[in-house]
Amino acid sequence: MSSAEDRIARAGEYVLGLMDEDERRRAEADIATDAAFANEVARFADQFEALQANLEPDEATDELWQAIAARLDEEGGEDTAADAPTQVVPPRPAPRSSRFEGWRNALLAACLVAAFGLGYLGGQYMTPTPNPVVVVVLADDNEIPAAIIEAYGDDSVRFVPLREFDLGEGQVLEAWTQFDEDIGPVSLGTFVEQRERVLSGRGLPAPEPNQFYAISLEDAPGSPVGRPLGPILVQGLAVAPPR
Amino acid sequence: MEGYTRGAGSGCSNPKLFFVSAHLKPTGKSISIEFISALHRPQPLTISQMPSLERLLEQVADGERAALERLFRLEAGRMLAIARRIVRRKDLAEEVIQDVFVTIWRKASQFDAGRGSARAWLSIIVRHRALNVIRDGARMDHHDPESLAELGDREADATSAYEALPDDMSLRQCLGDLDPQRRSCIILAYVVGYSHGEIAARLKAPVGTVKAWIRRGLLALRECMS
Chain A
1 MSSAEDRIAR AGEYVLGLMD EDERRRAEAD IATDAAFANE VARFADQFEA
51 LQANLEPDEA TDELWQAIAA RLDEEGGEDT AADAPTQVVP PRPAPRSSRF
101 EGWRNALLAA CLVAAFGLGY LGGQYMTPTP NPVVVVVLAD DNEIPAAIIE
151 AYGDDSVRFV PLREFDLGEG QVLEAWTQFD EDIGPVSLGT FVEQRERVLS
201 GRGLPAPEPN QFYAISLEDA PGSPVGRPLG PILVQGLAVA PPR
Chain B
244 MEGYTRGAGS GCSNPKLFFV SAHLKPTGKS ISIEFISALH RPQPLTISQM
294 PSLERLLEQV ADGERAALER LFRLEAGRML AIARRIVRRK DLAEEVIQDV
344 FVTIWRKASQ FDAGRGSARA WLSIIVRHRA LNVIRDGARM DHHDPESLAE
394 LGDREADATS AYEALPDDMS LRQCLGDLDP QRRSCIILAY VVGYSHGEIA
444 ARLKAPVGTV KAWIRRGLLA LRECMS
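Residue numbers (this note's numbering), protein chains in the order written: chain A, 1 to 243; chain B, 244 to 469.
Check each hint, because a few of them may be wrong.
Covered stretches of chain B (in silico footprint by chain A; criterion: 3 or more residues with CB under 8 Å from a CB of chain A, positions within the stretch not fixed) [unchecked claim]:
| id | segment |
| --- | --- |
| 1 | 336 to 344 |
| 2 | 368 to 378 |
| 3 | 404 to 411 |
| 4 | 434 to 447 |
Quick caveat, the hints were computed from the structure, so don't treat them as lab data. Ideal Cβ positions, reconstructed from N, Cα and C, are used throughout, including at glycine.
Could you build the full structure based on these sequences and the hints that come with them?
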């Protein structure tokens, strides 16, 4: 089976729901880095939709809605309809995982550098390793790779910008990762210089495959609210390289 | 930044993707209900052009609980039916829909009208959540007579879903062109959520053979419908 055929078949298996957890995670990682694969998935998803177009709806009771509403209340969901969204300040504090709201309006102009690191909490993660635990290709909105992050097992991160971006006066770059949806995005630091560097880590959990990384453009000295306020310039999902 | 505990680590929140994670209520276990959104959005629809479901998802993404309720009134019945075709039990289907709406509330901002329809997006979130439920063995008892009888209806559901497709629809024609066994595999997987193993048992074929049938069937479908 050619690689193109394999891509189509895997996209179909993904939509059919035939993948186990590991396969599905790999497919998700591929969606992040392979637009052709993502397109195949979208195509199958739309086409198979016809198989449920004539389905007789069940009764959706008020009780079911009340149960959903109670879940949302319980989990901290708030009705923030009165707040008008703006690009600068994401208005929706409600769902915790929505903290990346506003990230989608990424600008093309951007720059990439980093002065940050990842670390580990538990002693079992402290053993230095010669190979990066994960590698992240950060791409811009046009899917063009713009930087690479390698996160190591010894509390350090190597950051390699692949191109230079414009950074306005009074602006800084801020790196983020999200290792836990309940915690949301976590700042890894701000910076203005664009060069490769290795940085020491901070007290964060060990980087894992599929962990989300991004760089946003912020007004100096950086986002004051613990989540990105400015546009996301580049982003990517971590991949664990084979050993 | 210090002191965070090691997280569940699903971490799939790339806004360009629909990696939607739902949290199972009883256990807090994070489950990935993946689906894709847009990698490219060449010509995003304006709000006024959007069909209502897309518009509602936008409003939900802006934190409007009322829009989520409208979405529930419009779509929950259909979503329940999709889920029930897979989980077979009304109570489990309702549990699926609860999880799905919590997920929609959290993840609506990741929906991208530039790629795919809102309805397809919702459907796949439902299907994947339902599949998670039936593949979690602790959640279903297949041994009581009532459950077994319900499971017996699954294949009839799959067949009728295929037969309900309009004759002039390309999916119908392309599925019809497939070898019957390959067609059965694909329909059983999609409509009622059969696994490779279940399909193999049903068709009395080795699992590896079933996997190959499905892959080749998918390739043929893709070629036929392009």
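So, going through the hints one by one against the coordinates:
Counting residues of the segment 336 to 344 of chain B whose CB lies closer than 8 Å to any CB of chain A gives 5, which reaches the minimum of 3, so the coverage claim holds. Requiring three or more residues with a Cβ within less than 8 Å of a Cβ of chain A, the coverage given for the segment 368 to 378 of chain B holds, as 3 such residues are present. For the segment 404 to 411 of chain B, the stated coverage by chain A is satisfied: 4 residues place a CB nearer than 8 Å to a CB of that chain, which reaches the threshold of 3. Counting residues of the segment 434 to 447 of chain B whose C-beta lies closer than 8 Å to any C-beta of chain A gives 4; at least three are required, and the coverage claim holds.
When held up to the earlier numbered hints, the structure conflicts with none and fits them all.
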